[in-house]
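Given chain R, put chain X in place with the hints provided.
Residue numbers (the numbering used here), protein chains in the order written: chain R, 1 to 450; chain X, 1 to 516.
Fair warning: there could be bad hints in the mix.
Stated by the list, open to error - The calculated lysine-lysine pairs, modelled on DSSO-like cross-linking and capped at a C-alpha distance of 30 Å, are:
no., chain 1, residue 1, chain 2, residue 2
1, X, K483, X, K443
2, R, K265, R, K71
3, R, K228, X, K487
4, X, K315, X, K118
5, R, K238, X, K483
6, X, K443, R, K253
7, R, K104, R, K314
8, R, K314, R, K351
9, R, K238, X, K118
10, R, K390, R, K439
11, X, K153, X, K104
12, R, K228, X, K153
13, X, K275, X, K153
14, R, K104, R, K84
15, X, K82, X, K118
16, R, K238, X, K443
17, X, K118, X, K97
18, R, K439, R, K299
19, X, K315, X, K275
20, R, K51, R, K439
21, R, K439, X, K229
22, X, K229, R, K305
23, R, K51, R, K238
24, R, K351, R, K51
25, R, K305, R, K253
26, R, K104, R, K51
27, X, K443, R, K299
28, R, K299, R, K351
29, R, K351, R, K104
30, R, K228, X, K483
Simulated from the structure, these hints should not be mistaken for lab results.
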Amino acid sequence: MKPSIQNHWITRREALKVGIAGAASLALGAHEHLIAAPAATALSSSNAMAKSVIQIWMWGGPSHLDTFDPKPDAGRDYTGPLDKPIKTNVDGIQIGQLLPELAKQADKYSIIRSMTHGINAHETASYLMQTGRMPDRISYPSVGAVVSKFRGYDAGYNGPIAPYVVLTEPQGRFSEAGCLGQKYKPFATGGDPNRNRFVVEGIIAEGISDERQSARRQLMHDLDTLGKVMQDEPQFQKHDETEQQAYDTMFGKAREVFDLSSVDKALRDRYGRNTFGQSCLMARRLVEVGVPYITINYKGWDTHKQHFQLMQRKLPEMDAAMATLLSDLSERGLLDSTIVWWGGEFGRTPKVLWEPPWNGGRGHFGQCFSVVVAGGGFVGGHVVGASNAKGDDVAERPVYPIDLIGSMYELLGIDTTGSLTNPLNLDLNILPEVSGNVKSAGRLKEIMSI
Amino acid sequence: MRALHYVVITMILVMASCATLSGSTSQPIAPYEQSSEFEPANHIDEIVLESLTASDLEPAGLCSDAVFVRRVYLDVIGKLPKPNEVRSFTRDKRLDKRARLIDKLLERDEFADYWSMKWCDVLRVKAEHPINLWPNGVQVYHRWVYHSIANNKPYDQFARELLTSSGSNFRVPQVNFYRAIQGESPSSIAAAVGLTFMDQRIEDWSDDDRTDMEVFFSYVAYKPTAEWKEQIIYLDPTPRPVIDAVLPDGSHVRIEPDTDPRQVFADWLIRPGNKQFTATIGNRVWTWLMGQSICQDSPASQPALLAYLQKELIKTHYDLKHLYRLILNSRTYQQSSIPRNEDPHAAEHFAAYPVRRLEAEVLIDALVELFGPAESYESPIPEPFTYVPESEPTVSLADGSITSPFLEQFGRPSRDTGLLTERSNESTVQQRLHMLNSSHIQKKIESSWRLNQLMTRERGNRGRLVNELYLMTLSRSPTDAEKAAAKSYLNDGDLRQGVNDLAWALINSKEFLYRH
Chain R
1 MKPSIQNHWI TRREALKVGI AGAASLALGA HEHLIAAPAA TALSSSNAMA
51 KSVIQIWMWG GPSHLDTFDP KPDAGRDYTG PLDKPIKTNV DGIQIGQLLP
101 ELAKQADKYS IIRSMTHGIN AHETASYLMQ TGRMPDRISY PSVGAVVSKF
151 RGYDAGYNGP IAPYVVLTEP QGRFSEAGCL GQKYKPFATG GDPNRNRFVV
201 EGIIAEGISD ERQSARRQLM HDLDTLGKVM QDEPQFQKHD ETEQQAYDTM
251 FGKAREVFDL SSVDKALRDR YGRNTFGQSC LMARRLVEVG VPYITINYKG
301 WDTHKQHFQL MQRKLPEMDA AMATLLSDLS ERGLLDSTIV WWGGEFGRTP
351 KVLWEPPWNG GRGHFGQCFS VVVAGGGFVG GHVVGASNAK GDDVAERPVY
401 PIDLIGSMYE LLGIDTTGSL TNPLNLDLNI LPEVSGNVKS AGRLKEIMSI
Chain X
1 MRALHYVVIT MILVMASCAT LSGSTSQPIA PYEQSSEFEP ANHIDEIVLE
51 SLTASDLEPA GLCSDAVFVR RVYLDVIGKL PKPNEVRSFT RDKRLDKRAR
101 LIDKLLERDE FADYWSMKWC DVLRVKAEHP INLWPNGVQV YHRWVYHSIA
151 NNKPYDQFAR ELLTSSGSNF RVPQVNFYRA IQGESPSSIA AAVGLTFMDQ
201 RIEDWSDDDR TDMEVFFSYV AYKPTAEWKE QIIYLDPTPR PVIDAVLPDG
251 SHVRIEPDTD PRQVFADWLI RPGNKQFTAT IGNRVWTWLM GQSICQDSPA
301 SQPALLAYLQ KELIKTHYDL KHLYRLILNS RTYQQSSIPR NEDPHAAEHF
351 AAYPVRRLEA EVLIDALVEL FGPAESYESP IPEPFTYVPE SEPTVSLADG
401 SITSPFLEQF GRPSRDTGLL TERSNESTVQ QRLHMLNSSH IQKKIESSWR
451 LNQLMTRERG NRGRLVNELY LMTLSRSPTD AEKAAAKSYL NDGDLRQGVN
501 DLAWALINSK EFLYRH
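Chain R on its own, in the form it takes in the complex:
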């Protein structure tokens, strides 16, 4: 029997202090102790490996068979035309034939081939993959919001932009602040980093000179009659504070970070001159200035129809950008402290749907799919778990959403047994307890360097 997540953590951390003899008695009272002092234990950055996360969200659910879990022996009904997987730079690991650049970087990432939750609906699966929970009465915050709380706001983050940035479009509630409140919403850039000028919503305005910006700001202050009468009003003071921060963001370092014009052209080309490629480059730049959590919402993976045509077009784009991101992070010495997490809400049906109206498409598939993790304390060059011969079920070592999320939290130094303070004053935990429909097969210790 597996120990529960809570006990596991307590014994590991507390047993060291009290010695083995004391561990049993401590475990009994430990729950109470943690509830009593959640704030103090929420962040233990001393053992944190990772400082930032880049989440490549494969919006719609990417096919696992065509990317990181090829099944050439399953036959054409499973492989479609993509039946020739390629070797990687790690012995024994093969990946999809449209990912040659990533094949050269396999030593940097590990592939989880036994991710599972069994949900085939976008909304529920997206929520589950990004909160670790099944929908219930409360809307829980996404991993990004939780990380921005514990590694950002609560940890004295002082970067030039919000600690949770989305490139470029937000997914809505499934990846957002949930019940944590407005402050924890991600900053969604809008715009397109592949354009000549990346118009970042709220930061870079088109057609307004700096002189005009400052003149109209002065006008706004001159006309702030009510504000002047009510200077002691706490909400107005907060308003002024957020305004100052907004202007600091607009005219401070954030503007520089979002300006890609100074980046070496060859490097930009290697990332790929497309929205995803330049978003990956942008994500690296955000990591460099200390942003703890960046989500790249990569659209277009819900390929019910024209699946293989779309794979031919999209996978090379993904391959170049992601491979360059890994090598670029690594060359700059940032990969050790940056988790890169690739995956969507689910995989896609291993068996190709040849019949109309799909005519060679793949449907939603939550029973077994792949997730890739790299950096920040995740060691590369490994495969975790395995799917069966056709890729339609887990064969070895299932990995559930909270196993993945909990592992990342652990690498980030976030105490997974801590509580989530929230404006609704509800007594909530960072991760759900394992029971009923919340399943766990343990943290990804096999690929974690702590």
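Only chain X this time, still in chain R's reference frame:
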């Protein structure tokens, strides 16, 4: 030291009593106040004044007509008054013009729109995850809430219908009360009933009390039909014995086999003696209008105030419009928002009208009304109701699942829990960036035909141009200083750009963004 203290206290007492008799020592502050006197308009004011005096607090001045007209429009119908509405109100010389305006606004369609929005937050009206009423259910439920409010349905009847109805979720709107609860277990239902009508989190009750309440909802049954997502909510017809049930106040009740236990509960809930029921609705309405609840367990506790609202509710047979009128006509409601005390507890005594940021829906509706164009919306799954007519304001959207990045950014509630605190009006950096510098807002201003029209019309008279912009955005005329500053800005460079910047500065002012 002690003697000095005494003198100070005496002075404060004298000042406080002066405020009630011959006007305060402080002068009214233009353009926000018109008098410093506190003349009680009704019994609410007598209670509030007594509590203020007892705590040596001075009430804020009476708000000016300009502040009042803006405030009462926002609070009653969720919209800014139009410039001609502001003008006709300020020019009106009748002494009872405020009461007349209140009556007029309470009869407008937008009143029902705006208050439906508030109620649909409480009742969790949304099609998708995690409530899953589905679009059809949302539309019928919202329509029922809307008509209940428009027809001023007595509140006890409103509650009773929600608790005791049976039938299809697409045909009997009220049964969606049960559908909007996550889970079909008696404990989930009891928790939702406790929260909605009794302001109680029954999760905090003892196991025994909780089990007792759950009994009343133990025979609610659900079955599907042949129609997609249709569900029948009904009373389980399986024969059952007589139940000796215990009501939340501890009294015992016998439920006969042919009686719907939900009706027994509803009868208990809405009977006039049930203080929890009237306190919940009295306080909820007060909070919606006054920005904060009547504290029941603090030094500023005002049991007399709540008791008065409860008494009025019962006397008028749960006439909510009577309650709105009572509050809106009170001098307490019509105070300015400029406090005259430094005591941080003054707000709990209602010593001023509290400023609050406009709700997401109200703010975007005001911006669209000012500048256009209509907003577009999205929903987690495609649904027909995402195609909202351009003329329809955001406030009247039925479905909490239909949303936009702006609404999400500005704290529209997700309608997952039914808690009032789900709505967040706090100010964030992202919101400031959006208002100050986003293409969304900038495009609205730059492409506004109303600004274009205004500029063309008043090109020759910049004073009138500034005046009109002030009426449109802040519902008042500018002060001399403001007018001078604005005119001098317009005189530098391109006029349209100047007008755009002036409009930008006004919608980014605290006076625009906060109800006050």
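Sort out which numbered hints this structure fails and list those numbers smallest first. Structure breaks hints 2, 12, 24 and 25.
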